[in-house]
Amino acid sequence: MPLSPETWEKLQYLARLELTPEEKVRMERELEELLAYVSPLRQLPLDGVSPMILPVEVEPVLRADVPEAFPSREELLRSAPEVQNGFFVVPNVLEE
Amino acid sequence: MDGFSVLAWRSRLASGEATPEDVARHYLEAIAARDPEIHAFLLVREEAREEARNLRVEDRQTLPFFGIPVALKDNFLTRGVRTTAGSRILETYVPPVDATAWKHLALGGAVLLGKTNLDEFAMGVSTETSAFGPTRNPWDLTRTAGGSSGGSAAAVAAGFTPLALGSDTGGSVRQPAAYTGIVGFKPTYGLISRFGLIHMAASLDTVGVLANTVADAAYTFVHISGSDHKDPTSFGKLPPAFANQLAEIQRLAYPARVERLHALLSRGFSGVKVALVREFLGDGVSPDVRIAIEAAARRMEELGAHVEVVSIPELKLASAVYAVVMTAEAASYLGRFDGVRFGLRVPAGDVDTLSTWTRSQGFGWEVKRRILFGTYVTLSESFVDLYERALRARRFLAIRLEALFADYDLLLGPTTPTTAPALGAAGDLDPVVELTQDLLTIPANLAGLPAVSVPAGRGSDGMPVGLQIVGPRYSDLDVLAFAFSWEEARPLEARPPFGGKIMELSSREGGNE
Chain A
14 MPLSPETWEK
24 LQYLARLELT
34 PEEKVRMERE
44 LEELLAYVSP
54 LRQLPLDGVS
64 PMILPVEVEP
74 VLRADVPEAF
84 PSREELLRSA
94 PEVQNGFFVV
104 PNVLEE
Chain B
280 MDGFSVLAWR
290 SRLASGEATP
300 EDVARHYLEA
310 IAARDPEIHA
320 FLLVREEARE
330 EARNLRVEDR
340 QTLPFFGIPV
350 ALKDNFLTRG
360 VRTTAGSRIL
370 ETYVPPVDAT
380 AWKHLALGGA
390 VLLGKTNLDE
400 FAMGVSTETS
410 AFGPTRNPWD
420 LTRTAGGSSG
430 GSAAAVAAGF
440 TPLALGSDTG
450 GSVRQPAAYT
460 GIVGFKPTYG
470 LISRFGLIHM
480 AASLDTVGVL
490 ANTVADAAYT
500 FVHISGSDHK
510 DPTSFGKLPP
520 AFANQLAEIQ
530 RLAYPARVER
540 LHALLSRGFS
550 GVKVALVREF
560 LGDGVSPDVR
570 IAIEAAARRM
580 EELGAHVEVV
590 SIPELKLASA
600 VYAVVMTAEA
610 ASYLGRFDGV
620 RFGLRVPAGD
630 VDTLSTWTRS
640 QGFGWEVKRR
650 ILFGTYVTLS
660 ESFVDLYERA
670 LRARRFLAIR
680 LEALFADYDL
690 LLGPTTPTTA
700 PALGAAGDLD
710 PVVELTQDLL
720 TIPANLAGLP
730 AVSVPAGRGS
740 DGMPVGLQIV
750 GPRYSDLDVL
760 AFAFSWEEAR
770 PLEARPPFGG
780 KIMELSSREG
790 GNE
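Chains A and B, in that order, give the protein sequences.
One gets the numbering used here by counting positions in the first sequence from 1 and adding 13 to each.
One gets the numbering used here by counting positions in the second sequence from 1 and adding 279 to each.
Honestly, the hints are just simulated from the structure, not real lab data.
Source: prediction; values computed, not measured.
Glycine included, each C-beta is placed from N, C-alpha and C at the ideal position.
Fair warning: there could be bad hints in the mix.
Covered by chain B, according to a simulated footprint, are these stretches of chain A (three or more residues, beta-carbon under 8 Å) [as the list claims (entries may be wrong)]:
#, stretch
1, 37-46
2, 90-103
To be clear about the criterion: a stretch of chain A counts as covered by chain B if any three or more of its residues have a C-beta under 8 Å from a C-beta of chain B, and this derived list gives those stretches [as the list claims (entries may be wrong)]:
#, stretch
3, 15-25
4, 59-68
Label-pair restraints from in silico Cβ distances [claimed, not checked]:
#, chain 1, residue 1, chain 2, residue 2, range
5, B, Q340, A, L75, 33 to 39 Å
6, B, D631, A, E87, 26 to 32 Å
7, B, V712, A, A93, 36 to 42 Å
8, B, D562, A, K37, 30 to 36 Å
9, B, K516, A, L107, 46 to 52 Å
10, B, E325, A, A82, 30 to 36 Å
11, B, V630, A, E45, 27 to 33 Å
Start from the sequences and build out the full structure, keeping to the hints where you can.
Structure, rendered in structure tokens:
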């Protein structure tokens, strides 16, 4: 099933990935190969079978909904690409 | 080989016969001598020696991992120690926290030797998608050590560490363990916290243990398992009998704990009902592997196991289910790599372009393919036909497996269809090749089942063959006990000759002193 140009644009936008024209040709072929690989799933008799999201159905462990201060803010910020006064810096997102 | 197991070191360290510094030095020297050709490590910590020296001698009896060196797959966060996940996008990332599984070992007295190579974000079967080059198989440097925990497996097999942790999403601990002739154990989903593990697919990922012996794997598993409020899928409520067994082993102080563990594992084969799964021995499985596994099954039968061949034709679809579920979850998880809070940034005039350029330059091909496919299967127009169908097929397969466990205690088969392929034969050449290599390990992840790979023999190429044992949920100790019995019972020619390599290194070390 070939991907329409609109679907292809949407995919790249949602995934925030940009491919060169050559990469796109290769990627499209590989995605189609994967789609062919998963198509036999349509043969399974799945009527009445509910989706399985987690493999173990037990009550998940939830921590108390209490804010915790992160022990070291400095360490947390150390790996950020750009920091100013303890904040992450990004390009301007507001209209002038 | 047993002399270099965790438990053997444990006993020498507890008695004072060996010091933590001796042990750290032994392994650091082994790494320095041979890792340049194997490339198991992305980072080696010379500091391990000093840290080993600084352990308090009065703790040697009571700390369960006192002075035991550990290597961690480089997708475990280590506070203050660079963690890359094998990706350019995290090339300079230094985490502010420790992964819980590692923290358990560190509090137990373990020493961090280094971080091991992996496929980028654990996506691959050969470490060839690592941004930092592949790991080679210590048995034959022209072959892959497997993946994605290939660095951890090679490090144990080469005698660079007695113990390593990995992560297993579709077979990433068991498959490299099989290729390198060691033990790789993946527990029931949810038993070991994944806090601090860089995920691939959250509903499939488990922390796994790579070691030389089953007893070492069991000892480590028992120690690092347990509920963690930082991982909502690390469950508090376990079947009472299993919970009691675990708690008892966890509570007992050394050396009673080891003895109790041995007693639990030494059960033999008598009366165990085993299903040899026909689909695990079918198309694509090499004659070498089939012969080794069938011979193992016959030996178990001689020793009292009840082995029957069963068929679950639908298991062939497991990797198709996996391809959809895994990529959907991976695409969602990897959304956090946006060039803002950590890792690489490729500057641009606006945030969207900044993220797009950063991700396009920072991620490798395999990762991009999985993100795009995972995004595709969750588009509103394909959601029901692909993603939801795969989730339903997942339950369908899980129910089929569960039904089998009504009649059989364990499932048996090879871990991988072939012995370790040549480097360059897998990698990112073909999106479907890796799915076929993980074909036999994926079902356990889909259904959350415990599974272990243990060496079963060697192929005609001289390379190790892994035997896979899978049990129902929470049968972790039964699975390990069966593997332990096999380890004791297997014929001499099925025992991996690691000893040779390790002894060679240690005698050279001895010669230097």
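Hints, one by one, checked against the model:
With 4 residues bearing a CB less than 8 Å from a CB of chain B, the stretch 37-46 of chain A meets the requirement of three and the coverage assertion stands. As drawn, the stretch 90-103 of chain A meets chain B at 7 residues by the rule of a beta-carbon pair under 8 Å; at three or more, the given contact holds. Residues of the stretch 15-25 of chain A with a Cβ under 8 Å from some Cβ of chain B number 5, which satisfies the need for three, so the listed coverage holds. Here's how the stretch 59-68 of chain A fares: 8 of its residues keep a CB closer than 8 Å to some CB of chain B, so the rule of at least three is met and the hint holds.
Between B:Q340 and A:L75, the C-beta spacing of about 37 Å keeps the proposed range 33 to 39 Å intact. Take B:D631 and A:E87: their Cβ atoms lie about 29 Å apart, and the range 26 to 32 Å holds. Between B:V712 and A:A93 the Cβ separation comes to about 37 Å, which falls inside the hinted range of 36 to 42 Å. At about 33 Å, the CB distance of B:D562 to A:K37 agrees with the hint of 30 to 36 Å.
Distance hint check for B:K516 and A:L107: the Cβ-Cβ separation is about 48 Å, which falls inside the suggested range of 46 to 52 Å. Range check, B:E325 to A:A82: about 34 Å between beta-carbon atoms, so the 30 to 36 Å window is met. Separated by about 32 Å at the C-beta atoms, B:V630 and A:E45 satisfy the suggested range of 27 to 33 Å.
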